[in-house]
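Asker: Residue strings, one per chain:
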Amino acid sequence: DAKTTQPTSMDCAEGRAANLPCNHSTISGNEYVYWYRQIHSQGPQYIIHGLKNNETNEMASLIITEDRKSSTLILPHATLRDTAVYYCIAPRGDRDDKIIFGKGTRLHILP
Amino acid sequence: GAVVSQHPSRVICKSGTSVKIECRSLDFQATTMFWYRQFPKQSLMLMATSNEGSKATYEQGVEKDKFLINHASLTLSTLTVTSAHPEDSSFYICSARDPSRGNYGYTFGSGTRLTVV
Numbered sequence: 001d002a003k004t005t006q007p008t009s010m011d012c013a014e015g016r017a018a019n020l021p022c023n024h025s026t027i028s029g030n031e032y033v034y035w036y037r038q039i040h041s042q043g044p045q046y047i048i049h050g051l052k053n054n055e056t057n058e059m060a061s062l063i064i065t066e067d068r069k070s071s072t073l074i075l076p077h078a079t080l081r082d083t084a085v086y087y088c089i090a091p092r093g094d095r096d097d098k099i100i101f102g103k104g105t106r107l108h109i110l111p
Numbered sequence: 001g002a003v004v005s006q007h008p009s010r011v012i013c014k015s016g017t018s019v020k021i022e023c024r025s026l027d028f029q030a031t032t033m034f035w036y037r038q039f040p041k042q043s044l045m046l047m048a049t050s051n052e053g054s055k056a057t058y059e060q061g062v063e064k065d066k067f068l069i070n071h072a073s074l075t076l077s078t079l080t081v082t083s084a085h086p087e088d089s090s091f092y093i094c095s096a097r098d099p100s101r102g103n104y105g106y107t108f109g110s111g112t113r114l115t116v117v
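Protein chains in written order, with the working numbering: chain P, 1 to 111; chain G, 1 to 117.
Rather than coming from a laboratory, the hints here were simulated on the basis of the structure. This structure is a prediction, so every number in the text was calculated from the model and none was measured. Do not rely on the hints blindly, as some may be mistaken.
Claimed, not checked - Cβ-to-Cβ under 7 Å is the rule here; a few derived chain G residues that face chain P:
{"hint": "1", "residue": "Pro-8"}
{"hint": "2", "residue": "Ile-12"}
{"hint": "3", "residue": "Cys-13"}
{"hint": "4", "residue": "Phe-34"}
{"hint": "5", "residue": "Pro-40"}
{"hint": "6", "residue": "Thr-49"}
{"hint": "7", "residue": "Leu-74"}
{"hint": "8", "residue": "Leu-76"}
{"hint": "9", "residue": "Ser-100"}
{"hint": "10", "residue": "Phe-108"}
{"hint": "11", "residue": "Ser-110"}
What the hints assert, rightly or not - Subject to a maximum C-alpha distance of 27 Å in a straight line, what follows is the list of computed BS3-like cross-link-like pairs (lysine-lysine):
{"hint": "12", "chain 1": "G", "residue 1": "Lys-55", "chain 2": "P", "residue 2": "Lys-69"}
{"hint": "13", "chain 1": "P", "residue 1": "Lys-103", "chain 2": "G", "residue 2": "Lys-14"}
{"hint": "14", "chain 1": "P", "residue 1": "Lys-98", "chain 2": "G", "residue 2": "Lys-14"}
Stated by the list, open to error - The following residues of chain G were derived to be distant from chain P, with all beta-carbon distances above 10 Å:
{"hint": "15", "residue": "Lys-20"}
{"hint": "16", "residue": "Lys-66"}
{"hint": "17", "residue": "His-85"}
{"hint": "18", "residue": "Glu-87"}
{"hint": "19", "residue": "Thr-115"}
In this text, a Cβ means the ideal position worked out from N, Cα and C, and glycines have one as well.
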């Protein structure tokens with residue numbers, strides 16, 4: 001897995017956009033960037049993934065820099081239910097490769 | 001699609017007994033499943049990779065005789081914590097990847113909270 005670096009914690013006001021950065025400067029050409037989140041006492045939940053292009057789904061947007069060394073997860077209108085630990089991961093491209101979790105970013109949504 | 005069911009969600013057992021945790025892929029076949037452990041306020045730590053029809057691959061520092069993994073079918077992997085002790089109390093999570101979904105990543109179970117008393 002490419003090493004990823006994320007801030008330990010972030011705060012965001014409810015209703016505002018939450019922008020979570022991730023640095024993955026050692027990522028290789030075939031490694032996707034995945035984002036998961038873990039709400040307290042639950043299993044991780046898939047959010048979004050991308051390779052080169054920006055991606056958007058019903059949960060979030062993923063902005064990947066042109067050199068692919070960093071990315072930003074955007075939650076457009078954060079709610080209290082978005083309070084969680086967010087993990088940015090770049091596993092190797094092998095078919096059955098395992099996911100190694102870093103420490104993630106603890107996002108607090110403030111009312 | 002791609003649902004992983006984990007059972008039980010919570011279990012309390014006495015020190016010295018064994019506990020089995022099940023992980024099922026409900027709507028896909030998973031040749032490989034993964035087992036993680038998570039202590040309070042810490043990240044998930046990969047324990048082992050479970051391979052259908054063959055022996056599991058354990059991460060460094062994980063005792064394979066204590067954490068028995070069986071992956072007897074394409075939809076079921078089990079983790080047995082043998083001779084459990086209070087320090088084995090943790091949140092155990094399994095994961096599986098649906099190969100038919102390409103790069104849509106891995107699906108995780110909802111976790112099992114093990115308390116050894």
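Asker: With a cut-off of 27 Å on the C-alpha distance, tell me whether Lys-103/P and Lys-14/G pass.
Answerer: violated (31 Å)
Asker: Does Glu-87/G really sit off the interface, with its C-beta more than 10 Å from all C-beta atoms of chain P?
Answerer: holds (20 Å)
Asker: Does Lys-14/G sit within 27 Å of Lys-98/P, going by the straight-line distance between their CA atoms?
Answerer: Violated, at roughly 32 Å.
Asker: Please verify that hint: Ser-110/G, Cβ, nearest Cβ of chain P, below 7 Å or not.
Answerer: Holds - the Cβ of Ser-110/G comes within 7 Å of chain P, reaching about 5 Å at its closest.
Asker: With 7 Å as the cut and Cβ atoms as the points, is Thr-49/G at the interface with chain P?
Answerer: holds (6 Å)
Asker: Let's test the interface hint: is any C-beta of chain P closer than 7 Å to that of Pro-40/G?
Answerer: violated (10 Å)
Asker: Using 7 Å as the Cβ threshold, decide whether Phe-34/G counts as touching chain P.
Answerer: Because about 6 Å separates Phe-34/G from the closest Cβ in chain P, which is inside the 7 Å limit, the hint holds.
Asker: Would the hint on Leu-74/G be counted as holding, given a Cβ-Cβ threshold of 7 Å to chain P?
Answerer: Given a least distance of 13 Å, the restraint on Leu-74/G is violated.
Asker: Would you check whether Leu-76/G satisfies its interface hint, that is, whether its CB is within less than 7 Å of any CB in chain P?
Answerer: violated (17 Å)
Asker: Given Cys-13/G as an interface hint, is its Cβ closer than 7 Å to any Cβ of chain P?
Answerer: violated (19 Å)
Asker: Taking the closest pair, is the beta carbon of Lys-20/G still more than 10 Å from chain P?
Answerer: holds (18 Å)
Asker: Are the Cα atoms of Lys-55/G and Lys-69/P separated by 27 Å or less?
Answerer: violated (37 Å)
Hints 1, 2, 3, 5, 7, 8, 9, 12, 13, 14, counting from the list given before, are not met by this structure.
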